[in-house]
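Student: Residue numbers for the sequence shown follow the numbering used here, beginning at 559 and rising by one.
Keep in mind that the hints are not guaranteed to be accurate.
[Claimed, not checked] Taking lysine-lysine pairs in the DSBU-like style, the calculated list, with each CA pair at most 35 Å apart, reads:
no.: 1; residue 1: K680; residue 2: K626
no.: 2; residue 1: K746; residue 2: K722
no.: 3; residue 1: K680; residue 2: K722
no.: 4; residue 1: K680; residue 2: K728
no.: 5; residue 1: K746; residue 2: K728
no.: 6; residue 1: K626; residue 2: K673
If you're looking for bench data, these hints aren't it; they were derived computationally from the structure.
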Amino acid sequence: IAIGLLVVLSLIPFIGTGYVVRFLTFVYMWVILTQSLNMVTGYTGYLDFGHVVFFGIGAYVTGVLMVKFGMPFIVGLLAGVALAVATAVAVGLPTMRLRGAYFAIAMLAFAEAIKQVVLELKNVTGGGLGLSLPVYANYTFFYYVMFFVMILSIFTVYLLERSKLGYALKAIRGSEITAEVSGINTLKYKIIAFALSALFAGLAGGIYAYWMTFIYPYHTFNVLMTVQMVIMLFLGGAGTFLGPI
Numbered sequence: 559i560a561i562g563l564l565v566v567l568s569l570i571p572f573i574g575t576g577y578v579v580r581f582l583t584f585v586y587m588w589v590i591l592t593q594s595l596n597m598v599t600g601y602t603g604y605l606d607f608g609h610v611v612f613f614g615i616g617a618y619v620t621g622v623l624m625v626k627f628g629m630p631f632i633v634g635l636l637a638g639v640a641l642a643v644a645t646a647v648a649v650g651l652p653t654m655r656l657r658g659a660y661f662a663i664a665m666l667a668f669a670e671a672i673k674q675v676v677l678e679l680k681n682v683t684g685g686g687l688g689l690s691l692p693v694y695a696n697y698t699f700f701y702y703v704m705f706f707v708m709i710l711s712i713f714t715v716y717l718l719e720r721s722k723l724g725y726a727l728k729a730i731r732g733s734e735i736t737a738e739v740s741g742i743n744t745l746k747y748k749i750i751a752f753a754l755s756a757l758f759a760g761l762a763g764g765i766y767a768y769w770m771t772f773i774y775p776y777h778t779f780n781v782l783m784t785v786q787m788v789i790m791l792f793l794g795g796a797g798t799f800l801g802p803i
């Protein structure tokens, strides 16, 4: 059934209308974002209310490198992902030592702080006026790119569930103190999960920026996007690879 569904979805650009292609591309993006949140919230139990920051970093680094430095899309995208991952590691080292609501509040504050930085760097990011990217009106291209990344995110979480990392994260979710006593390096595993989640959020952000051709801080770093991810994750089933789908 799954293979048949993938075959049908891969043919959508040839048999569906432009509206269907655009709609499904958005669906794929939200699956990617929810899977990325799932990697840290679903498996470690750490509720991240600032997760949109990695989406925004991916979007703005891609956009700035394309617009200001004339870089190709793929270079901007990879740079955005790299910075999102580096940011996750840097901010995760202090914040992942917090627990419960303290972590959620710290990440929310961090996301808002980064949004303010983007607003202030007007000469680079366009500030409150936003940033316009080169137009590439090929919706089939964005459909397949987002589709591929979605499949990659699902497969990654599927493997995560069955890996040593996944079992360690589940142990942390069950009882972090017990996991530490059992010899699990909880901080290390949490940072790895956090970086992995930032990677996919950054990918979604970079693709979104080029697809939409315009990004705006109040939308790209909007905390309501994180709220949507959280709702989707818990409605579908946190800590499972099928939940976000």
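Student: Hint by hint, note whether the structure agrees.
Tutor: A quick look at each hint next to the structure:
Taken as a hint, the K680 and K626 pair is honoured in the structure, with Cα atoms around 12 Å apart against an allowance of 35 Å. In summary, the hint linking K746 to K722 is supported, as the alpha carbons are separated by about 13 Å, within the 35 Å threshold. Simply put, K680 and K722 have alpha-carbon atoms about 45 Å apart, too far for the 35 Å limit, and the pair is violated. Of the pairs offered as hints, the one joining K680 and K728 is violated, with about 43 Å between alpha carbons and a cut-off of 35 Å exceeded.
For the given pair, K746 sits about 14 Å from K728 by alpha-carbon distance, which is consistent with the 35 Å threshold. For the hint pairing K626 with K673, the CA-to-CA distance comes to about 19 Å; that is within 35 Å, so the pair holds.
In this structure, the earlier hints numbered 3 and 4 are contradicted, and the remaining ones agree with it.
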